[in-house]
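Line order of the protein sequences matches chains S and A. Under numbering that gives the first Met the number 0, the first sequence is numbered contiguously, ending at residue 204. Under numbering that gives the first Met the number 0, the second sequence is numbered contiguously, ending at residue 180.
Hints were generated in silico from the structure; no laboratory data involved. Being a predicted model, the structure only gives us computed values, none of them experimental. Cβ atoms here follow ideal geometry from the backbone N, Cα and C, with glycine treated the same way.
Listed next, the stretches of chain S that the computed footprint assigns to chain A, with coverage defined by at least 3 CB atoms under 8 Å from CB atoms of chain A:
#1 14-20
#2 24-30
#3 170-178
#4 181-195
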Amino acid sequence: MAKAKVKRTSTSIDMTAMCDVSFLLLTFFILTATARQPDPLEIATPSSTVQYKLPDKGVVIVSVGKGKVFLDIVGQDVKRATLQKMGASYGVTFTEEETKRFSVLPAFGVPIGNLKQFLAMDGPQREKSGLQTGIPLDSTKNNELFNWLKEARLANGEIYGIDLNAAIKGDGKTEYPAIRKVVDVFQNQKINKFSLITSSEGGGE
Amino acid sequence: MAELDTSSGGGKKGGKVRTKKQATKVDLTAMVDLAFLLITFFMLTTSLSKPAAMEIAKPDKDAKDENRLELRESQTMTILLGKDDKIAWYMGEAGKSAPTIEGFGDIRSSLLSNKKKVKESTGRDIVIIVKPTDASTYKNFVDIMDEIAITKTNISAPAVDDDPKHILDSERDFMKSKGIF
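Bound-form chain S, shown alone (with noise of 0.2 Å):
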């Protein structure tokens, strides 16, 4: 009996169109992860089992760490107006050049009056320089930190039109009142609620 020829099929696949649908899924995940900033504080947040997680815009967050108190202002455009605002009740101009700068720049812990020098420099002056001492936030009369926020929700208002999200990133040794100061700046501008930032812990414990 004659066998009946099975036909041989190739083994190989083309994967031309395969690798071209990878890369270019490959892309786009580069292109929209936000590449992650280096902190100038450096913080070790407590562990929680929290699942929440924090908004993309419309939040500030007041890290707290090593007796200093460092601001972040997420999204560029709200930083922006936020300089603007800060500049005109405290009768800085920043130029266009130094509002770039500012909208770039990750959480900063300058007094007003440094700010300007400050965001003269180039990255690596800016961590010698010494001028990061935090922002002030102790006297009545010159609670920085109280005017940022003030600012900050003010833009914020403006450009998104939803309420700001005030969150605190501590660090996991800080005593407690240093905490407590910073609450009471929120509290101080009817801020009741706000998030603790934490870092994500599996399961129980």
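With the hints as your guide, set chain A onto chain S.
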């Protein structure tokens, strides 16, 4: 697709010297593997890098008295956060019962048992007051809020009273005597 047409066009015959045909096909499998690996990485990191946020609600500082809620002493548990990651807690009114001192490892079982006791004896839900003292750290505060959330002890948010003036003398004295203030 990636292959080029290497066959000669017309099919001319003749004594031409045949060059050896080389395969133009490249094996893309490894490249695809790599691309998918990177895709997976980027997909996971974009959603995971968002920090988790714990919601805290505090009562208004200068709230009018009409909105205040009176707490029954039978259903309140006060938690004091002290030095060296120690907790002192007591049920009911301050000074009437001696507070219990615990570490963070045991507080969960106490929370659960107190919750059950209050529910059985009064039929009401337990109300928790957290008082972080100046000696406690931020981590203690986050931990206790987390424990309360895990044990679902408070249906509503626990009351946080961080005003140093609100720490009663009896509470302070007790904590001092135990060396956790």
